[in-house]
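Student: Residue strings, one per chain:
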Amino acid sequence: MRNTGSSKRRAIVAATALGALLAATASMAGSRILGTGAVSAIEGAAGGGLSPWAVLSSTASDDEIGVTAAATRAWVDDYQLTVTGANVNLHDRMEFSIARQTFELSTLGGELEQDIYGAKVRLFGDVLYHPLGVWSAGVMHKRLVDGTVPTALGADDVNGTDAYLSASKLLFNAFLGRNVLLNGTLRNTSANQGGLLGFGGDQGGHAWMAEGSVGVFVTPSWVVGTEYRQKPDNLSVADEEDWQSVYSAYFFNKHVSLTGAWLDLGDIAGLPSQRGGYLSLQAAF
Amino acid sequence: MRLHHSLQSISRGTLVAGALVGVLALAGCAQHAQQATLYERMGGQPTIDAVVENLLYRIADDEEIVSYFANSNIDLFAASLATQLCDVADGPCQYDGPPMDRAHQTMGITDAHFNRVVEYLDAAMIEENVPLAARNDMLGRLAPMYDDVMRLQ
Numbered sequence: 001m002r003n004t005g006s007s008k009r010r011a012i013v014a015a016t017a018l019g020a021l022l023a024a025t026a027s028m029a030g031s032r033i034l035g036t037g038a039v040s041a042i043e044g045a046a047g048g049g050l051s052p053w054a055v056l057s058s059t060a061s062d063d064e065i066g067v068t069a070a071a072t073r074a075w076v077d078d079y080q081l082t083v084t085g086a087n088v089n090l091h092d093r094m095e096f097s098i099a100r101q102t103f104e105l106s107t108l109g110g111e112l113e114q115d116i117y118g119a120k121v122r123l124f125g126d127v128l129y130h131p132l133g134v135w136s137a138g139v140m141h142k143r144l145v146d147g148t149v150p151t152a153l154g155a156d157d158v159n160g161t162d163a164y165l166s167a168s169k170l171l172f173n174a175f176l177g178r179n180v181l182l183n184g185t186l187r188n189t190s191a192n193q194g195g196l197l198g199f200g201g202d203q204g205g206h207a208w209m210a211e212g213s214v215g216v217f218v219t220p221s222w223v224v225g226t227e228y229r230q231k232p233d234n235l236s237v238a239d240e241e242d243w244q245s246v247y248s249a250y251f252f253n254k255h256v257s258l259t260g261a262w263l264d265l266g267d268i269a270g271l272p273s274q275r276g277g278y279l280s281l282q283a284a285f
Numbered sequence: 001m002r003l004h005h006s007l008q009s010i011s012r013g014t015l016v017a018g019a020l021v022g023v024l025a026l027a028g029c030a031q032h033a034q035q036a037t038l039y040e041r042m043g044g045q046p047t048i049d050a051v052v053e054n055l056l057y058r059i060a061d062d063e064e065i066v067s068y069f070a071n072s073n074i075d076l077f078a079a080s081l082a083t084q085l086c087d088v089a090d091g092p093c094q095y096d097g098p099p100m101d102r103a104h105q106t107m108g109i110t111d112a113h114f115n116r117v118v119e120y121l122d123a124a125m126i127e128e129n130v131p132l133a134a135r136n137d138m139l140g141r142l143a144p145m146y147d148d149v150m151r152l153q
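Listed in order, the protein sequences are those of chains A and B. Note that our numbering has the first sequence beginning at 1, numbered continuously upward. Note that our numbering has the second sequence beginning at 1, numbered continuously upward.
Rather than coming from a laboratory, the hints here were simulated on the basis of the structure. As the structure is a computational prediction, the values presented were derived from the model and not from experiment. Worth double-checking, as some hints may not be accurate.
Stated by the list, open to error - Pulled a few chain A residues facing chain B out of the computed Cβ check, cut under 10 Å:
#, residue
1, T59
2, A71
3, R73
4, W75
5, D92
6, F96
7, T107
8, A167
9, L170
10, F172
To be verified - Now the in silico label distances, taken between C-beta atoms and shown as ranges:
#, chain 1, residue 1, chain 2, residue 2, range
11, A, F252, B, D90, 55 to 61 Å
12, A, F96, B, I65, 53 to 59 Å
13, B, I126, A, N188, 58 to 64 Å
14, A, L186, B, Y68, 18 to 24 Å
15, B, V66, A, H91, 22 to 28 Å
16, B, Y68, A, A207, 50 to 56 Å
17, B, S67, A, L186, 40 to 46 Å
18, B, P131, A, L279, 31 to 37 Å
19, A, L186, B, D96, 28 to 34 Å
20, B, Q35, A, P272, 34 to 40 Å
21, A, G277, B, N71, 53 to 59 Å
22, B, I126, A, V246, 47 to 53 Å
23, A, T151, B, A123, 52 to 58 Å
Even glycine gets a Cβ: it sits at the ideal position worked out from N, Cα and C.
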């Protein structure tokens, strides 16, 4: 039963990606500068990887529409996360995203899956041209496919919604003549391990969490940096820790980017100190 | 378990401290290297003139952008832009042309147009061998002009 639903969803994501590829043959790249659409974060929104950023996906500008599709895999000691997602940017004002996360419990056995529906609105500004950078607000509605395990661990809910406020700013010529990208995000969330372990628990519910990143554009098409994401700790049976990464993202052109990262995700579901690698490929049109 | 964690946080702390020291040391070197003006680091007036000419060829090839110059005297525009870039780069020039909002008023310039010209300027600087740090510096000094250019659209 679950397999049928899952393969149906995969088919939808694949069809969206195919649609994006076909649309690309008819449309040119957006006009925004290379790299200003960031990459696909693991929850589907444009961002760094762990955290959503204030920039909107692709390089679509005020009179353009952009579409991105991304495939991501993260390997840590006892788990593997696979994310497929698609995202549309309307006139550099609104961003809508959908992502499917599959979390394989390599050591414990089994897998957890959730779907994430996201919307982000650019409130004001521009990451390059505005003195205060770009400011955006967004929501992510998360739905676990099967909430049995998270509920057994003590999660209150199998669905949840995050809301966030994010600011991003490029500082020109800020470090060794290179441009530096700063991002800060405040997220209201009750999600345990991003939602894969359900929402809320015996130790808490919704709370504000801080996330941030610093990246240096070594060249206009290559950014390296680090990201930090504060996490709640709602389940007494499964300690949860903050996430961090060191990343490198390369923009081959306005259509293709590849991101690699080293992850330190801390304790997850009773297994300590989860570290590993991350690769994400994004296509944008 | 607890010991493992404290060891981990110590090694993390050491890493961060090491990175900070490295960053400060490198930033010191950068400060020293950047005592020359941007004008000098770009290559002086010959390079700026070459960048302006290169940029104008790119604009000439873009039907949509070049239409904005239909009623312009291109020689005067080139001289004025070269003087402005020299001034912005702390060179020995004084730009006395019109302010950016009046120069672009009611032209119907969109973000897409603006971004395209930024890309042309960067491509022109690359082709005229302006170093990356000087390009970033110049783009950073021009970026705040976006608000002025767009104010009276």
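Student: Tell me, which hint numbers fail for this structure?
Tutor: Hints 2, 3, 4, 6, 7, 8, 11, 12, 13, 14, 19, 20 and 22 not satisfied by this model.
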